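**Student:** Quick note, the sequences are listed as chains Y, L and X, same order.
So the first sequence is residues 1 to 572, counted in the numbering used here.
So the second sequence is residues 1 to 305, counted in the numbering used here.
So the third sequence is residues 1 to 335, counted in the numbering used here.
Among the clues, some could well be false.
Only some residues are given here: those of chain Y computed to face chain X with a beta carbon under 10 Å [claimed, not checked]: (1) T227; (2) K249; (3) A261; (4) K266; (5) A270; (6) I492.
Cut-off 27 Å, straight-line C-alpha distance, at most; resulting in silico cross-link-like pairs (DSS-like, lysine-lysine) [claimed, not checked]: (7) K62/L <-> K339/Y; (8) K127/Y <-> K206/Y; (9) K387/Y <-> K62/L.
Don't read these hints as lab results, they were simulated from the structure.
Every value quoted in this text rests on a predicted model; they were computed, and no experiment measured them.
Ideal placement from N, C-alpha and C gives every residue a C-beta, glycine not left out.
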Amino acid sequence: MSSRKWLVLSLLVLVVIGVACQPAPTPVPTKAAAAPTAVPKPTEPAGPKKGGTLTMVAWQEPEHLNLELGTQTVSSHVYEFFGENLAQVNDKGQWIPELATEIPTTQNGGVSADGKTITYKLRKNVKWHDGSDFTCADLQFTLQVIRTPNNGALDTGIFADLDQVECPDPNTAVLKFKNFYASWIRLFSGIGPIFPKNAGKPEDLKTWAYNRKPNGTGPFKVTEFVTGDHITLEKNTAYWQPDRPYLDKVIVRIVPSSEVAMQLLKNGEADIMWNNTEADMPALEKMTNVKLFDAPQAGGERLILNAVKPGDPADNKTPHPILGDVKVRQAIAFGIDKKTIIDKLLNGKGLPGSSELNVDPYNCTDIKAYAFDQTKAKALLDEAGWKAGSDGIRVKDGNRLRLKYQTTTGNKLREDSQVLIVENMKAIGVEFFIENQPSSLLLGGWAANSPRKKGNYDILMYTTNASIDPHAQMYTYFHSKSIPSPDNQGGINYSRWNDPDTDKLIDQAGSLPDWPARKDLYCKAAARVVDGATHIYLYQRFNLQGFNARVQGWLATPWGGPAWNAADLWVK
Amino acid sequence: MAAITSPQTALAKAAQRYDSLTSIAWRHFRKHRPAMLGVGVLSLLVLGAILVPVVTAYDPGKTHILDKYLPPSAEHWMGTDGLGRDLFVRSMDGGRTSLLVGLSAMVLAILIGTTIGAFAGFYGGLTDNALMRLADIMLTIPTLFLAIVLIQLLRAGVIPFLSAGIAPIVFVIAITSWMPTARLVRASYLSIKQKEFIEAARAAGAKNWRLIIRHILPNAISPIIVAATLRIGAAIITEAGLSFLGMGVQPPAATWGNMLKNAQSEIDYAPWTAIFPGLFIFFTVISVNYIGDGLRDALDPHHVE
Amino acid sequence: MTRYIIRRLIQAIPVLFIISVIVFSLIQISPNNPLSAMQNNPNITPEDLLRLEQEYGLNDPLPVKYSKWLGQIVQGNWGDSFVTHRPVLTEIGERLPNTLYLSLIAFVLALIIAIPFGLISAVRQYSLFDHAVTTIAFMGQSIPIFWFGLILIIVFSVNMQNPLAGTALFPHPPPLPMFPGGGMTTLGESPPDPLVDRVWHLVLPVSMLAVFQLAQHVRYMRAGMLDVLKMDYIRTATAKGLRERAVILKHAFKNAAIPLVTIIALEIPALFNGALFTETIFSWPGMGRLFFNSAERGDYTVLMGILMISATLIIFFNLVADIAYAFLDPRIRFD
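Could you build the full structure based on these sequences and the hints that come with them?
**Tutor:** What follows is the structure, encoded as structure tokens:
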């Protein structure tokens, strides 16, 4: 063939570049080279070492560090270095006290019988970075900031059921609720920050100096914020935990290209790269200087099927001409080969998706994932009246089994899995056609005509995860009151799952203070959804984290970011 | 009688001049070795892009997940990608789209540019002023901004037939790149419309549109051809850049641009996935540039003496 | 001349107005808004989002929004970012020095190399030198720039070690990359002397930018010079027996510079806009990224700020170019 010559030429160039890409032979491997200079003493202490600098690279630029003004993930990770909450979730999904001395329960008297009064004992001798004391008044101030109208604060809705915070003494905080609120523990612990009472006037929230030089109680204090470049944090010498933190300094460096970030992890310029993904796995596994951590995440990647006929945003009743039939939805669920996606595209770093609630503390182990069973899928489609047409794609009443399949653009893993799923579907006589859109459009708001808001789609694919208390997720995604409509533009029950039993289970779960009973009800609701197959759970993703091997003390967690236990991190 | 050249004679002369120009240009072009090499390479690429996906045993879109990330071999000349697709076949298939994007964006840009330039130059006055201010305004808005916003709008379905596939990309590249051509064409029209043979044609009763298309255009064509050639390369590079930002032609359709973008994260363990699409872009654009260079030399009026 | 300049400046006002209307409308009909990032956050209740949309005036009709913006601008107030809540001019002021620092160095470097190479290339047309220069210039124009940047990092930051690591110049013990994979300064331990550090960080991004610009400049300089060399008066001058070099320098260069002046005038405003690809690959906190991020977030006050300053610069430098022509070529006159 005439292009053979061409090929030879390109191969030649490949060889040249390949040679250029070979590691230079002279330098010794990283660890060996560092050893003679870094460790002059013959014996190294076995325990954690003090001092050193940790560099974390992040692709997202923090807009500011005020969690009440934005929901950027990178900012909440930086918060983990400088800020603290009353309680936090550990790697096992358990609540552990942070600024509180214990988690309130009915047993220890922290939770009243009706669940509407919560009493926290606050840790004594906790100081803000500016030297002032942390007291209950800071919680009162934080609530005041959230309640101040028109200052841009985000969380008014979540705090709506909280009536007030009473401070009988500086180290006791009594949270009085108007109505019982099942997710009470998340207030001051995971939703929003705790502000120091001297942060500024509540109405000036947007322009506080705090926003770029926050004052926290955490193990590190922000000393420098260079927009778009880096944030420097230095050791808080007055930290309340004895002998912590180990590190002297943390640098959060902004590296917008994740491909470049990978290279920096490789050459040692970066110790942690925020947000490793499954696609990074083959490269990370080849890096001898990088240790890899993983933990299954809550929720996961799923297909969201529209149960309602697309076209009229106000009509949430007329069933979808194809997907309105539960048998078709189940057939799709049986027809997808999740294992191949996980093995080949996620490099094994994932679990087959089973249900909405799949990690501790709410792992619904009784719900079984749809197995890959093309025979069953075909049988279900036959039952539903869809018969194979001339080209193998099924038809019913002259309509073709053809569905629009959308996800966000620019995500290689999603695009690749789409290709596999389209092939899976073809094998059972279903035609999926891909029409991806940028996330701003696909996942946008009502005014932006987002297809999921207006119900103008067949099948969407993306990831969503419940937070540590699953109520918000279950209610907003599966309760019939959350179905978006012109009167409920904020609703996010995008599959238009409308099932009285599910509603009842979720409502009931939200009214109980007792966790085991709540969990049971949520699991039952999640099982309803799995049976209805409006959400088809593809895979449960892992929280992946590559660390330079010199970094010690980190524990993989589904819940926190790379700095969730920042005080315990140290470097060799 | 003899002092006045009849319109017919003038026209014939113009036509003759045009013919001889073409042959002179071809003679010069043939001597421009890099340009001829460019023509060769480009023809191979075009042929490959058209033929390879048709004749090959591999379906460019079909996945063979067990064969993922195979290095180049006799079986897979350029290796395979993360879904086990043959990279050579896929590159040729992607080449189709990339070349199509380059070509159609060029045609559209040149059409818009030539039309606007011709009208501005031919009619002058208010028309000229309005059209050229339009071009100025377009030049004043940063290209990248315009491209990003327009692509998002088109994808949102503002103009239904331009919402999917390569259409939005082609449209956006054209709409942000017609201005230099318009200026070039306007300048040619301004000078040519004053020429004697145009006056003659007008005297013979030729309508304006006829003058614009049949009489002036052939004489203004040289710079347009050069600009057109170079636009193909620029459009391919632009598509790659848009892909880098996640806004190019969307997978599963392959282009060299989006193949390159996706391969960036694979560069450590499957470098061939990044190297080949990059080389294809490189060789295509450099060939196109050389051809443009050759055409520029060949069509240089100073050769005609 | 003065009257010409005044007329042009007055003409600029309606042009800027039209541009602002077009650009503002485009931003507003694009799907991004400053709160869209929060759409998917289960912690934000839908009611809160609606409340914030009201608070930020995001649901006002376009003409209302535009007149609000225009009303601020005519009072010299560029507004605040919807995302960082800081003044637009602060946002721009932080990025602009970084951008100018990088792109001016690359620009000047590219020009210093391009002028002599372009000139010699034209004078010795079709020589080996000309072919080599042309080839290199074409290569610069044919490589997808982001790809080139990543390759630079893989070669110089990952696979090549700095041989001077551990010396006085680079106190950091080995292993140390040949050149850093991005950023403006060393953030970690044992940084080199600040000046050395800055230069060291500039090498790769400047190379990436300069290679690309160089390619264009060489082509323009060569083409401009070729045109001039073919002109009658140069031929006459050569025929009269003046030494070739004197001819080129005295007469030709001045005229050949005209296209280059145009290009420079057109590119200076672009320097302000930054180099998105280079800034992204080399983690450089410049205007290009501010612009792109703002576009993605629909942060329209910042976007409008950048676009209007950029438009003003373009109009201004076009005028400067036209005036420069008058000096370079006495035949051009303005009335």
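**Student:** Decide, hint by hint, whether the structure agrees.
**Tutor:** Here is what the structure says about each hint:
no. : hint              : verdict
1   : T227              : holds (5 Å)
2   : K249              : holds (9 Å)
3   : A261              : holds (9 Å)
4   : K266              : holds (6 Å)
5   : A270              : holds (9 Å)
6   : I492              : holds (7 Å)
7   : K62/L <-> K339/Y  : holds (19 Å)
8   : K127/Y <-> K206/Y : holds (24 Å)
9   : K387/Y <-> K62/L  : holds (25 Å)
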